[in-house]
Amino acid sequence: MFDPNKSTPKVDHEEKCSGEAKYVADIILNNTLFAKTVRSSIAKGKIVSFSIPELPNGYYVVDHRDVVKENYVKMVFTDWPVFTSERVNYIGEPIMLIVGPDKLVIDEIISQIKITYEEEEGVFDLVNSVAHKSFKKGDFEEASKRAVRTIKETFETGYQEQAYIEPQGMLAYLEEGGKVTLIGSMQCPYYIKNAVINTLGYPEDKVRVIQPAVGGAFGGKEEFPSTTACQLATAVVKIKQPIKMIFEREEDMLVTTKRHPSSITLEAKIDENNKVLGIKAEVGLDAGAYIGLSAVVLSRAMLAVTDAYTIDNLDVSGNVYVTNTVPTGAFRGFGSPQMIFAIEMFMTHLAKDLGVDPFAFRLNHLVKQGDLTSTSGFFRDPIIMKDMIKKAVAMSDYHKKIKEYSKPGVYKGIGMSWFLHGCGFTGDGESTHIKSRVRLVKDEQDIVYLYIAAVDMGQGAKTSLKRVVAMVLDVPNEQVVFDYPDTDFAPDSGPTVASRTMMIVGGLLARAAQKLKDSWQKGQYQEIIEQYKQPDYIEWDESKLQGDAYPSYSWGVNVVEVEVSPITYEVQLKGIWSVYDIGKAIDERMVIGQADGGITQGVAYGYLENMRHEKGKLRQKNLTDYIIPTSMDMPPMETVIMDNPFLYGPYGAKGVGELTFVGGAPAVALAIEDAIKRKVNRIPATPEYIMELINNE
Amino acid sequence: MNKIKFNLNGQDVSVELDPSLRLLDVLRDHFQLTGTKEGCGEGECGACSVLINGRVVNSCCFPLANANGKKILTIEGLAKTKRYQILKDAFHIEGGSQCGICTPGMIMAAESLLSMNPHPSDEEIRIGLSGNLCRCTGYNMIIKAVQKAAELGAGLW
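Residue numbers (the numbering used here), protein chains in the order written: chain L, 1 to 697; chain V, 1001 to 1157.
Among these hints, one or two may not hold up.
[Said to hold, decoys possible] Here are the simulated lysine to any residue pairs, SDA-like style, with alpha carbons at most 25 Å apart:
1. Lys240(L) x Val11(L)
2. Lys22(L) x Ile1093(V)
3. Lys412(L) x Asn1068(V)
4. Lys1144(V) x Gly575(L)
5. Lys574(L) x His1119(V)
6. Lys22(L) x Glu1042(V)
7. Lys103(L) x Asp1089(V)
8. Lys1080(V) x Pro1118(V)
9. Lys1144(V) x Pro4(L)
10. Lys1082(V) x Glu14(L)
11. Lys1144(V) x Met632(L)
12. Lys103(L) x Arg1022(V)
13. Lys621(L) x Arg1022(V)
14. Lys103(L) x Asp1018(V)
15. Lys1082(V) x Pro9(L)
16. Lys617(L) x Glu1042(V)
17. Lys1148(V) x Phe379(L)
18. Lys1144(V) x Lys1071(V)
19. Lys22(L) x Asp1029(V)
20. Lys1144(V) x Lys36(L)
21. Lys1148(V) x Thr8(L)
22. Lys1148(V) x Lys621(L)
23. Lys1148(V) x Ser18(L)
24. Lys103(L) x Asp1025(V)
25. Lys133(L) x Phe379(L)
26. Lys1148(V) x Val11(L)
27. Lys1080(V) x Ile27(L)
28. Lys1148(V) x Asp12(L)
29. Lys36(L) x Thr116(L)
30. Lys1071(V) x Glu20(L)
31. Lys352(L) x Pro566(L)
32. Lys103(L) x Lys1071(V)
33. Lys22(L) x Asp1122(V)
34. Lys1144(V) x Thr8(L)
35. Lys36(L) x Arg1083(V)
36. Lys1144(V) x Glu588(L)
37. Lys1144(V) x Met395(L)
38. Lys103(L) x Leu1017(V)
39. Lys22(L) x Pro1118(V)
No wet-lab data here; the hints were simulated from the structure.
Pulled out of the complex, with its shape left as it was, chain V reads as follows (with noise of 0.2 Å):
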């Protein structure tokens, strides 16, 4: 089996298995990852969400393969840096998370919103977590706790 070379978390790895495996798999598994979570196996709930060069991807659509070369950020790696802690921050001042389960990828997925746009207005904030699904909230709190962390953040995006 060929090597899979890719930077993970800020750290190059590589890795000797089946390259079609889920992605999702291979962090959860190999790499005890788990703060990536699984809620439906095929793109729709975005709570698998992690960040490949930069952009939120469904991990659990992205073969193992498709990873070599690249730079791939997990919640526990972005839970290293500051923009996490004002990410963090401003969902609890809002009350974004509820159960928790969508919270890994939600906070993925507003990382790579405002690294794009630093200052999105509520309906791009929507767009942008569009691909997140969560139960508890209603988003309501979600987008508040985004809106929240630009305003907190100023400057790091």
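Isolated chain L (complex conformation) (with noise of 0.2 Å):
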């Protein structure tokens, strides 16, 4: 028997040391032409005109009019052009491609593009509501009159760029037959290919989704790849010569959808014995210029309203804002970051209002197994977070330091979030959505073969699918394999987003190989296909948003310390310590990679990750000016993952990914908060903030 908690060498590490492992970027096709998009330089209005120069030969002009059939990229919400044809909407929106050999001759006939714009007033603020959601618990009226107290606080948060190394790319060739095929970073394939089927018109088989090694997504390449693919499928079908498109950093930058900035107004009602009976949320996002899949990271923010705490009675209401800015989408944690930051920030915040200690406080409002989740649904599996707190104060010596450092003149400071994270899609969406398929595919050297549309982009699902796969069997890892998803060969495994990969699709190839086991014959080619099955006990009402929300959930402390100079107002990470309920890990030393490279991003979009727009222009546009963390950021971190087995993930595991991010912004703003004795209302707490936090008094 196989120890899943056991390390196994990462599939792809010997070609990723090397530089073998072929990125996008690094694919070349004979006769392949380049194409750069020409974009948006106003906010909002209408193309009056446009003049190109003379094309040299060999070079294309490709927009709405080459659009074979229709002019909407599909997601969630279908309402992004693939190509503009009248109005802009934001600054960067894509108007065209100039395609053709040489990369240098078609700067210089963008250069001389001449568009006429009609201009008018762009919308900023949060005032164009284009998706509503609300949901009750309880009954937040009545609680109202039995309250003593009530508090009430806005919170904000910004953008956050996604950042991966790799910028965005995609190339697209024509197969005998005219088949479309699209290689590039991507996290979805069937994502891709069902926007390119949509905008082309095409059956299923004439067109084919092929992953390569992908350098980090994040979310940035769940549905922002779908735009270029559509792109450049029309391109191709036009031209029929082999296309490549790769960002470059400052395009990724400007035009990529970023994490949602938000306002997120929580009003408590409190007892005479400081129980909070209720919370009243309202939750605005910013979407940018188009919806795309924003109202579902709304639901997900407000879904985790209460975070890790159980509160009786809700009213809690969420709006998607359009505004003439770049699109925001997909982010690792997906909606939940801005609002656990804001409850963390809020139950602190209540508690100090109230003069008790906040630890005491927080403590009092646990979620224990079997209570009722913001949703009304049941918290059924054993919850071990008592355990953790304990685990997550002594490792960083908590209680200790925040007395030490609430004297006044020190600087220093200790903040400790609490946090879950549903894992999988939200509500039905696994079952009517996605309705995920795997196959396993043995041939007659009893070689067994993967075939799912998972994404590896870094976090190592090639490695630990396969050994879930290969622990089953209780064969050895080298008889197992599986290659980059190519949608040729892989039935739709759903996307590899929502902390969903190991659960969902793991637990359906861990199902599929036990039938491959029990009804395994030596020599013999055999296929088996498995489909998802929602268990039996979730219920949901996606109308009301009620019942259960997720099939489980994942849980998490983080504790962070900082020092903030009293004379810049730097931050200064000094220490931080994690604790993770994953259920079970499948490869600890990857979980805990996730989980250092999650609070790391989660940390500095708490402090560090600063992006704002003035009327739709950003200001920050390369890693220059949008700072992330780098080695010297960064202090020594130390994990614990705890084994709680889920009852249905593969070997008891849950979700991963996205966990590791959410409590890194509240643990550090709260921190700051500590260090500064002063509360912390937004994110990022740049040092402009703290001072003017200190000064504004």
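Could you use the hints to bring the two separately framed chains together as a complex?
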């Protein structure tokens, strides 16, 4: 029997170290043309006219007139044009591609293109709601009557850029018979395939999507690559030569989707025993110019409203607003980081306002097994948060430090966040929308092939999913083959998002492998297809947002220690400690790698990563002015993974990827708050904001 | 156009190309050495790190003209050495590589660091790798990997 906790060599380790792994930019096909996008330079207006210089031989313009069928990119909400035709709605909106053999000539052509606009006043505030959602738990009105205190605060969060080190890129070519094939940096091969089928009006077997090595994604390659795929598919049908489009960093930073800026107002009703009877929450997300999947992000933000606490009465509403800014979209955590930041700060602020110890106050509200979730579903599985908190407190010496740092004139601080993350798609998404299928094939040599659409974008899916199959079959890893997904062979096992890959796809693979094992016929070709089936216990009403929003939850505790310079207000991280309950670690080293990287991004979201726009124009456009952590910014990190197997996960595994992100920002913001002895209501807590808090009293 | 001559991964080469081209593009497009990656194109991320006369340099900010007469080592050249084997094994043992796009550059930077300082402290490793961005790992495991390489490869650097 294999031990799932044990780590195995990553299957792609050698090729990634030696540089032999092929990312899309590294793939060279004969006669490949290059494409670059001509984009809107204004935030809102009409295109009156444009003039294009005479094109040299072999150069092409591709725009909305070339779209074969639908000029929309199919995603959750289909409102993004492939190429805009008359109106532009944000700076950077694609108008046309210039395609040709020499990148310098393409740049020269683009510099001569003149577009005349009739400019209109853009909308940049959260005023145009395009999606509204709400749900209730208990009776907030009645709880209000019993309350003796009401405390209300607003929290704001900024943009965050995924900043994967490999920029977006896509390569399209025609196979014999006119099949459109796309190779690109992506998380969701079937999102791309379905979007391309939709824009071309082609049958399923005339579009193929192949994943090469992907250099980081973090949600940024969830829905956005569908837009470039639709553009290149349009171009390749017209030009009939391979076409490659690799974004430069500046273009990537200016036009790809980012984390939604948010404004969250929370109002608590508290009784005479300092118990929070109810919370009213209003969530606003800035979707940018198009809705895309923002309404789903809103759901996740709203559902996380009570985080790791049980509050009996809730009145939660939220809106997605469109503005004339770059569209926002998926990013690790998917709405939940904004809410977890707000509620963690709020719970601490409530305790401070009530004059009680925040640690004890939060502990009094901590969720227990059997409690109702925010949407009145059940926390069915054992919750071991108390043990985890105890561990984190001991590792970080939290109580001693918080006492010591409370002295005046000490600019050190420590903050602790408690959090959960729902694993997999929200509600019945897995069973009604995704309907994942996995395929296992055994050849006559008894080699087992995994055919799934799950993408390894660095998290190690290629290694860990293969391992699950090998463990179930009780065969050596080498007897199992898992190549990069290719939609001609792999069925739609769903997108590589929502912390679902191990729990859902890994779970399906484990079941398929068990069936194969039970029916194993040596030397014979065998094929097993397994389809997702929702656990019977899940009851979910999507229209009312009521019931079990997720099949299970992963849990975490983060502690961050900081020192703030009283002169420059710069924040220095001094230590990070984490404890996670992810059910069971499949390959502990890989899980800790996810944990280290997740909290690094999460903490940086809270204090470092700053992106703003001025009337729709982003002020940060490269890694020079959008600062992500370097090795010198990060302190040593210590992480403990608990063992609390989940009945329906493969070997007990639940979700990992996003969980490790969501607690970072509140932990660092609480640490900064502790250091400067002022309430933090906004992230990133930049030196400028800290100075404001200290000086504007 | 004048010929530009340099030593690339141990071989003397000469090219007749626009001397203002970025060394990165010459390596990738002309020599098909695609192990050197482009992450930002302005010297911030270090994915394009190569060694020029033994020192780590961002090849995206290095014009071809300046390569004349220099010794250039890319990941493909380093990959043939024993030191690389040690670095690769250490990155495996400590889990220092995830998506892999920064890894060749990180290994070049580690090679440069260890060749100047075979037994760096944790702090010295953090400084030595500070020109190489990684978005996946939070650096913890990379720092440990370089420590491990220094330990496993004692005497090689």
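We went through each hint and held it up to the structure:
{"no.": "1", "hint": "Lys240(L) x Val11(L)", "verdict": "violated, 36 Å"}
{"no.": "2", "hint": "Lys22(L) x Ile1093(V)", "verdict": "holds, 23 Å"}
{"no.": "3", "hint": "Lys412(L) x Asn1068(V)", "verdict": "violated, 52 Å"}
{"no.": "4", "hint": "Lys1144(V) x Gly575(L)", "verdict": "holds, 16 Å"}
{"no.": "5", "hint": "Lys574(L) x His1119(V)", "verdict": "holds, 24 Å"}
{"no.": "6", "hint": "Lys22(L) x Glu1042(V)", "verdict": "holds, 22 Å"}
{"no.": "7", "hint": "Lys103(L) x Asp1089(V)", "verdict": "violated, 39 Å"}
{"no.": "8", "hint": "Lys1080(V) x Pro1118(V)", "verdict": "holds, 20 Å"}
{"no.": "9", "hint": "Lys1144(V) x Pro4(L)", "verdict": "holds, 23 Å"}
{"no.": "10", "hint": "Lys1082(V) x Glu14(L)", "verdict": "holds, 14 Å"}
{"no.": "11", "hint": "Lys1144(V) x Met632(L)", "verdict": "holds, 14 Å"}
{"no.": "12", "hint": "Lys103(L) x Arg1022(V)", "verdict": "holds, 14 Å"}
{"no.": "13", "hint": "Lys621(L) x Arg1022(V)", "verdict": "holds, 21 Å"}
{"no.": "14", "hint": "Lys103(L) x Asp1018(V)", "verdict": "holds, 15 Å"}
{"no.": "15", "hint": "Lys1082(V) x Pro9(L)", "verdict": "holds, 20 Å"}
{"no.": "16", "hint": "Lys617(L) x Glu1042(V)", "verdict": "holds, 21 Å"}
{"no.": "17", "hint": "Lys1148(V) x Phe379(L)", "verdict": "violated, 43 Å"}
{"no.": "18", "hint": "Lys1144(V) x Lys1071(V)", "verdict": "violated, 29 Å"}
{"no.": "19", "hint": "Lys22(L) x Asp1029(V)", "verdict": "holds, 14 Å"}
{"no.": "20", "hint": "Lys1144(V) x Lys36(L)", "verdict": "violated, 41 Å"}
{"no.": "21", "hint": "Lys1148(V) x Thr8(L)", "verdict": "holds, 18 Å"}
{"no.": "22", "hint": "Lys1148(V) x Lys621(L)", "verdict": "violated, 36 Å"}
{"no.": "23", "hint": "Lys1148(V) x Ser18(L)", "verdict": "holds, 18 Å"}
{"no.": "24", "hint": "Lys103(L) x Asp1025(V)", "verdict": "holds, 12 Å"}
{"no.": "25", "hint": "Lys133(L) x Phe379(L)", "verdict": "holds, 23 Å"}
{"no.": "26", "hint": "Lys1148(V) x Val11(L)", "verdict": "holds, 21 Å"}
{"no.": "27", "hint": "Lys1080(V) x Ile27(L)", "verdict": "holds, 23 Å"}
{"no.": "28", "hint": "Lys1148(V) x Asp12(L)", "verdict": "holds, 20 Å"}
{"no.": "29", "hint": "Lys36(L) x Thr116(L)", "verdict": "holds, 20 Å"}
{"no.": "30", "hint": "Lys1071(V) x Glu20(L)", "verdict": "holds, 22 Å"}
{"no.": "31", "hint": "Lys352(L) x Pro566(L)", "verdict": "holds, 23 Å"}
{"no.": "32", "hint": "Lys103(L) x Lys1071(V)", "verdict": "violated, 29 Å"}
{"no.": "33", "hint": "Lys22(L) x Asp1122(V)", "verdict": "violated, 32 Å"}
{"no.": "34", "hint": "Lys1144(V) x Thr8(L)", "verdict": "holds, 18 Å"}
{"no.": "35", "hint": "Lys36(L) x Arg1083(V)", "verdict": "violated, 40 Å"}
{"no.": "36", "hint": "Lys1144(V) x Glu588(L)", "verdict": "holds, 16 Å"}
{"no.": "37", "hint": "Lys1144(V) x Met395(L)", "verdict": "holds, 20 Å"}
{"no.": "38", "hint": "Lys103(L) x Leu1017(V)", "verdict": "holds, 16 Å"}
{"no.": "39", "hint": "Lys22(L) x Pro1118(V)", "verdict": "violated, 31 Å"}
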